[in-house]
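Trainee: Here's the letter readout for the chains.
There are 2 protein chains.
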Amino acid sequence: MSPADVVLDQRRSDQGMGGLAPDAFEPALLTLVADWLEGRDTTDVVICGMAGARQGWQEAPYQAVPCAPVGPSVAVKTRDPRLNVHLLAGLCQNEPADVMRGEETQIAGYMAQNPTVSGVLCLPGTHSKWARITGGKVTGFTTAMTGEVFSLLSKKSVLRFNTADGWDDDAFARAVREGAQRADALLTTLFSLRAGGLLADVPAGASRARLSGLLIGAECASCLRPGDAPVIIGDEKLGALYHSAFNAMGISSALADGDGLTRAGLCAAHRVIASRTGVDSTGVDK
Amino acid sequence: MSPADVVLDQRRSDQGMGGLAPDAFEPALLTLVADWLEGRDTTDVVICGMAGARQGWQEAPYQAVPCAPVGPSVAVKTRDPRLNVHLLAGLCQNEPADVMRGEETQIAGYMAQNPTVSGVLCLPGTHSKWARITGGKVTGFTTAMTGEVFSLLSKKSVLRFNTADGWDDDAFARAVREGAQRADALLTTLFSLRAGGLLADVPAGASRARLSGLLIGAECASCLRPGDAPVIIGDEKLGALYHSAFNAMGISSALADGDGLTRAGLCAAHRVIASRTGVDSTGVDK
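Protein chains in written order, with my numbering: chain A, -14 to 271; chain B, -14 to 271.
The hints are simulated quantities; they were obtained by calculation from the structure and are not laboratory data.
The structure presented is a predicted model; accordingly, all values stated were derived computationally and were not measured.
Glycine is no exception: its CB is placed at the ideal position from the N, C-alpha and C atoms.
Possibly wrong hints are sitting among the right ones.
[Stated by the list, open to error] Below, in silico cross-link-like pairs of lysine to any residue (SDA-like), each with a Cα-Cα straight-line distance of 25 Å or less:
#  : chain 1 : residue 1 : chain 2 : residue 2
1  : B       : Lys141    : A       : Ala82
2  : B       : Lys122    : B       : Lys222
3  : B       : Lys141    : A       : Arg25
4  : B       : Lys141    : A       : Ser(-13)
5  : B       : Lys141    : A       : Val216
6  : B       : Lys140    : B       : Lys122
7  : B       : Lys140    : A       : Phe135
8  : B       : Lys140    : A       : Ser139
9  : A       : Lys140    : B       : Ala158
10 : B       : Lys141    : A       : Glu23
11 : B       : Lys140    : A       : Trp152
12 : B       : Lys140    : B       : Ala49
13 : A       : Lys141    : A       : Trp152
14 : B       : Lys122    : A       : Pro81
15 : A       : Lys141    : B       : Lys122
16 : B       : Lys141    : A       : Pro100
17 : A       : Lys141    : B       : Ala49
[Unchecked claim] Over 10 Å on every C-beta distance to chain B, these chain A residues come out as not near it, computed from the model:
#  : residue
18 : Thr173
19 : Ser237
20 : Val264
[As the list claims (entries may be wrong)] Residues from chain A that keep clear of chain B, each with C-beta distances beyond 12 Å, as calculated:
#  : residue
21 : Ala60
22 : Val143
23 : Ala214
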């Protein structure tokens, strides 16, 4: 990024906490961007997400809600002196117990662009996050295991025979409404996908869309409150899917680009880190 | 079995539909019980369950509810002329779509021993079945994917880090009540197991029991009706678990032995098959 928060270049890698030991993060970063460091004394690196988990590069704290989404950060000691690496804190909630790492930075990006926002942000994914925002703070949030449950059921359960591939928009919309109305019956409704395949030869595309719709409908029913008009923060495909789910339920929603908001949140965090003066005795930036 | 339905001998094998091609069922049966056939012209073999599925030994029909649980059977052509094999029909329901294979025989066994039963039978398992019985007929039934979802979440999901082993009876009872009261929030409540492990070091035993309790509580909430006093048909361990779940919810229930009822149901079906006179043009016993 330039000092004016303009993107100069970008690189992507699928290497992360799932496959890297703590001492493998720095080499992985250098493999990706070593040429960016040439000719500079130091380069600031601001990192959100699972690199700050207990099994990540180094553990970053959780900040308890209610709080602003940009909180503490930790400075990471690197072997290469040209790197000035900071890991951002995640958010936690004590009751009900909940945690996030990474999504708080997208939330920070959205709030940097929309300082007076009040309402609910929906961040769909493997573990969807729903965050309530008021007065510049995240007041509470909820995680739904929707994406992971969809993946397990469609790939590893008996439903895999009926939900391998394909798609049907109408079946999705109907299932969203059914899932929302009968969220309490999810464990039993799911099996109807198998039985429908056996008894009525329901096509796989319709079954796959119905599985997705039942889960997303149940997620929305348990996370939405009356009057909510969610802002969806996600990648293009998943964002569009949740947008159509809200449409099916007659709920207005808006879409925001997840990648752009991650960058905006990292820039907001970088401004805070740059204003700090050092590191305290526990390794947290102060 | 003797003609008076007394067990003379029993053998078990884990070979079944999951691992056998259609033409491998007869050899697998002979490997298990060939010595039983010696010195007899023919031996009747009555089979319930997934051997009658489309991917099984030979497809047996589904009988649509409402109906008595002992219905049509199909005679299987065998290479060994001493075998007289019959596959029992499963049950199906058109709306909501549902199927069972095998449990109808346990239900038949229970109804043979309790001809005037009226109420709900709960058959816990990978796919739990809840069957409504009135006037000698199964009037409807519901499948809940509780066991399979528990297995996937505790072994394959992010929750596996918190639910690997151990048990805590009190955590189970509390979770059953919570799961029943908040059945509509299952997708979000589940993630609290992960967050509780990260934030409060909840022991794995308590988390594993809580995962089981949340799922069983949600299953019961969606399947129970006011006034139900379920009869639980299952193996010793799972039967006791559901019995304690009903206790936690203040619901009286009774336990029946699944293996004994399978035998009683097979005997009831054998009496019907023995009274039949042949096979119709579609291969169904008549």
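Trainee: Run the distance test for A:Lys141 versus A:Trp152: straight-line Cα separation, threshold 25 Å.
Mentor: 19 Å, holds
Trainee: Verify the proposed pairing of B:Lys140 with A:Phe135, using a straight-line Cα cut of 25 Å.
Mentor: Holds, at about 15 Å.
Trainee: Would you assess whether A:Ser237, listed as outside the interface, keeps its beta-carbon beyond 10 Å of every beta-carbon in chain B?
Mentor: 23 Å, holds
Trainee: Does the structure keep B:Lys141 and A:Ser(-13) at a Cα separation of 25 Å or less?
Mentor: With Cα atoms ~42 Å apart, B:Lys141 and A:Ser(-13) exceed 25 Å; violated.
Trainee: Given the hint that B:Lys141 pairs with A:Arg25, does the C-alpha gap stay at or below 25 Å?
Mentor: 45 Å, violated
Trainee: Would you assess whether A:Val264, listed as outside the interface, keeps its beta-carbon beyond 10 Å of every beta-carbon in chain B?
Mentor: For A:Val264, whose nearest Cβ neighbour in chain B is about 24 Å away, the distance exceeds 10 Å, so it holds.
Trainee: Would the hint linking A:Lys141 and B:Ala49 be met if the CA-CA limit is 25 Å?
Mentor: Violated - the C-alpha atoms of B:Ala49 and A:Lys141 are around 29 Å apart, more than 25 Å.
Trainee: Is it true that the CA of B:Lys140 sits at most 25 Å from the CA of A:Trp152?
Mentor: Given pair B:Lys140, A:Trp152 is violated - Cα atoms ~28 Å apart, limit 25 Å.
Trainee: Compare the distance between the alpha carbons of B:Lys141 and A:Val216 with 25 Å, and conclude whether the hinted pair is satisfied.
Mentor: 31 Å, violated
Trainee: Taking 25 Å as the top limit, are the C-alpha atoms of B:Lys140 and B:Ala49 close enough?
Mentor: 35 Å, violated
Trainee: Between A:Lys140 and B:Ala158, does the CA-CA distance stay at or below 25 Å?
Mentor: Judged against 25 Å, a Cα distance of about 31 Å means the pair is violated.
Trainee: If I take the minimum Cβ distance from A:Ala60 to any residue of chain B, is it greater than 12 Å?
Mentor: 23 Å, holds
Going through the hint list in order, the structure does not satisfy hints 2, 3, 4, 5, 6, 9, 10, 11, 12, 14, 15, 16, 17, 18, 22.
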